[in-house]
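Chemist: Sequences listed follow chains A and B, in order. In terms of this note's numbering, the numbers along the first sequence are unbroken and rise by one, the last being 109. In terms of this note's numbering, the numbers along the second sequence are unbroken and rise by one, the last being 1023.
Derived by calculation from the structure, the hints in this document are not laboratory data. Small disclaimer: the values here were computed from a predicted structure and weren't measured. Keep in mind that the hints are not guaranteed to be accurate.
Stated by the list, open to error - List time: in silico DMTMM-like cross-link candidates among lysine to aspartate or glutamate, alpha-carbon distance up to 25 Å: (1) A:K25 with A:E57; (2) A:K76 with B:E174; (3) A:K63 with B:E178; (4) B:K716 with B:D856; (5) A:K59 with B:E178; (6) A:K59 with B:E186; (7) A:K25 with B:E175; (8) A:K74 with B:E155; (9) A:K63 with B:E175; (10) A:K32 with B:E142; (11) A:K74 with B:E156; (12) A:K63 with B:D135; (13) A:K74 with B:E127.
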Amino acid sequence: MGKPNDLVQGTLDLLILKTLSLEPKHGWAIAKRIQQISHDVLQVQQGSLSPALHRLEQKAWIKAKWADTETGRKAKFYSLTAAGRAQLEKEVGNWSRLSAAINLVVETT
Amino acid sequence: MLWAQRLWLRLQTLFRREHTAQQLNDELQFHLEQQVAENIAAGMSEEEAHHSAMRSFGNATILKEETRETWGWITLEQIAQDVRYGFRTLRKSPLFTAVAVLTLAFGIGANTAMFSLLDQVVLRLLPVRHPEQLVIVRETGNHYGNTYGANTISWPMFEDLRDNNQTFSGMFCRFPATVTIGYGDRVAQIPAELVSGSYFSTLGVGTALGRTIAPDEDAVPDSAPVVVLSYSFWRSYFDGDRTIVGRTIALNSQAMTVIGVAQPGFDGVELGVPAKVFVPIMMKTEMTPHSDGLKDRRRRLSWVTAYGRLKPGVSVEQAQLSLQPLLHSILEMEAQQPEFTRYTTAADRELFLRNRVELLPGSENGLRNYMSRPLWLLVALTGAVLLLACANLANLLLARATARERELAVRLAIGAGRARIVRQLLVESVLLASGGAILGLALAFLAARILLRIYLPADAAAEFVVSPLPDGRVWAFVVGAMLVTSLVFGLLPAFRGSRTEIALSLKDRSGALSASGISLRRMLVGVQVALSLLLLFGAGLFVRTLRNLESLGPGFPTDHLLTFSINPSLNGYSDEETKSFYERLNVDLQTMPGVTSVGFSVMPVLKGYAWQNAVVGKDFEGAPIEEQPVLNHVGPDYFAALGIPIVAGRAFTAQDVGPSDWRHDTYAVINESFAKQYFPGRDPIGQRFGLVDEMQPVSPEDIEVIGMIPDRKYRDLRETPPAQAYFPYFEDAHFRFMNIYLRTQADPRQIENEVRERMRQFDPHVPVVGLQTMNEQISFSLRTERLVASLSAVFGGLATLLAAIGLYGVMAYAITKRTREMGIRMALGALGDDVIWMVMREALLLISAGIVIGMPLALALSSLVRSQLYGLEPHDPLTLIVSISVLSLAACLAGFIPALRASRIDPMNALRHE
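The shape of chain A in the complex, shown without the other chains (with noise of 0.2 Å):
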């Protein structure tokens, strides 16, 4: 099981980016999220969420909010900016890229 840890530095950013991309969410979400599309391939580690979320947030790709969670509970709500858009797409567009290449070079030898 690969953590995101391993994977290609920056990596984790798409991946918090895309999953805000539809509504915002909290971190324990964006966690939950991210592992239950990949079927649990992918866990996100507290210890990689946490400064992940707050680098974003520094970039100001995402921004957050305080609101009620649907269990009344207060939570950290991070959403999109317009600038972590632009970034989610220039992001998924070198992700495509990369990916192909790499499955070119995997499935030719």
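Once you've looked at the hints, dock chain B against the given chain A.
Modeler: Frame of chain A, contents of chain B only:
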């Protein structure tokens, strides 16, 4: 706008750090709760769920730290921690901190203050455009005529040079004069600058108000009754009245129109004598009623200082070469004139034609020359202080480093990074250094103000602009030196620490490791002792010089003596009016209560001035200036007022003071040196002599000696009394400036105000100048000596203190390292005295080493200050012995305290120590 948004976010994490950290906690807490809830849902017990959640989170502190790192500022945060920690450790050792900061402050303050004084008094260029291009044009060699002041030439020569040179982009000249100003009902005497028309334009000085003197106001004598005020004088005397331009003021009773106010900060080209008003030189006759030189165009009278502005790129040497042919042609022309040929021989003419042009820096002046030597001396002394301060600081920091070896070892052992420790020590050093720098700067600012106040005449000092950051380069140098010292020696333990075996340090056996430290510290103490000896010896020489000058005095009693000067001729009084003024004043002052006698003297006493002239007699001829006697015109009671006895013949009486001119019989009172020099082996009374003077020669039969006084000092306290001759003052055809000496019954300061009031009633238009007691005047004339003596004494004392601290530190440290050895020795039967002697032997070795290095250095350097000394030789043995004794005593005391402590070591405790 993304960058702005990011900046905003970063600033939030910086300034709302606690808030942000709290939010992070909340967020992580929420995640934890979610995990716990999930675990419970998966069927774990609550406790199990909790533990499992915590495990999956890993190390919460590291998690938080890593997250915080994404906020940035982590370096800043750590530095803030280091600063806080640094303050705490410094506060924990207040004595070390105080001594270190004070050492730094002292080193920085003393050096900055001294150098800024030197800079402002001696080095600074004039506050004008491109001051480095300005030069004074002077003529070397004998000028064969009369001279007013150094570096002067005649007015016609200035005109010739100005109109015919190809060297300068501009030339101007000036003449300093004292004038009486009247405005409203106030009168005062002020320094004025008579300037040629190109003065302001060549200097590149503008006005704050109105206009400057124009070149066309430079053509016809008496034609330009206009005046430009200096900015500070306009502010102080006219309260900055902007309507002053166009108004009329009276200078020497001549109505003058104010045409402008010069730009702020400019008060003439002579430092220390700030000009208050600038007047066209064409008004010379009105401004100096007693002499001319302008209209009569005398070439044998030099009085103007000529300045030239070098064209860009032209060096002083090139300019001198290119001016020389011009000067030579002027000299050849002058040598043909009857004014020259009448009094000179062919040999004189040869010599005269060899005169050369010399260009001096435009900032050159007498005050600078007079002050520069003692000031450079003091700068050298403070340089030694800086070295000493650095040595002391190094010593302190080394001592601290060894004391902290254990602390650093502990911190390394529990996982502190080497870099972090270096940074920590760096921060501490910088904290110390900046504390010292701030304090030193304050000290320097204060000290420079006080020094200038001591050093310059009162009104000059008041207007002298002392900048708080006098010279950036000097300050940077001094602070840099101290900073480097504190960094190098502050960081030493960190680098030494990298060689430290942590375990060894922790086991408290670090003594072996610090061996290099202690020998370095011994060396530093040796240097400190040597430098202290240097400073102490210098201080001794200067203090004794001052003592000698004060105790020997001028040779007449100076208590109960009040003096002031007046110059009625500046109010436009004619010779007749002036004469009558002095006759009436003499009578008036003699009847003043509290005054026992009144002395009038044309030349002031002990102010550095002298009127020298060659004398001729039946069997002696005129002599060169150094051998000429000093002459003076005095009133009848002058000798009585000054308390100078008559040893042969009689003093002047009121009858001798009748109007007369030099061609008839004139009386003279001479001093013993005069008699010895000109009438050896004869009774001087009744002898006759005459004066050599190109304008007014007095034949050898005309002056008769009627009395003799003992030798007394005349120009200053340092001189051996010169040959002197006094004449009744009305013998002089020009009665202008007069110095008045009042011998009083009580403390003369008590009647100062009465004298001022009496003079105001006597003639409200004639200002009283320089009213002070003779002791005050003498004290002011010794200000340089006093400054040097007191500063060097302070430096010497502090140097000794610093050396003693250094020695104490080294000895105390050595003893703590040898506690066990001492314990063993004492257990084996050594007595307390033996231990004391053992320790003292080491201290004495250090002291003697320092003295052996310092003594030849002190003796060699003291020869350089020979001219600053009075009444003792530069190698004065008594001073040397006393300073060595004082230093040794202080150092021995510093060594004795730890020695005594060592002798009281309890052997049992010492041995159990490890």
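Chemist: State for each hint whether it applies.
Modeler: Against the structure, the hints come out as follows:
1. A:K25 with A:E57: Holds: A:K25 and A:E57 sit about 14 Å apart, inside 25 Å.
2. A:K76 with B:E174: holds (19 Å)
3. A:K63 with B:E178: With Cα atoms ~18 Å apart, A:K63 and B:E178 stay inside 25 Å; holds.
4. B:K716 with B:D856: Measuring from Cα to Cα gives roughly 22 Å; hence the hint holds.
5. A:K59 with B:E178: holds (13 Å)
6. A:K59 with B:E186: holds (20 Å)
7. A:K25 with B:E175: holds (22 Å)
8. A:K74 with B:E155: holds (22 Å)
9. A:K63 with B:E175: Roughly 19 Å between the alpha carbons, so the hint for A:K63 and B:E175 holds.
10. A:K32 with B:E142: holds (14 Å)
11. A:K74 with B:E156: With Cα atoms ~24 Å apart, A:K74 and B:E156 stay inside 25 Å; holds.
12. A:K63 with B:D135: Given that 25 Å is the threshold and the Cα spacing comes to 17 Å, the pair holds.
13. A:K74 with B:E127: The given pair, whose Cα atoms are some 19 Å apart, holds under the 25 Å limit.
When held up to the earlier numbered hints, the structure conflicts with none and fits them all.
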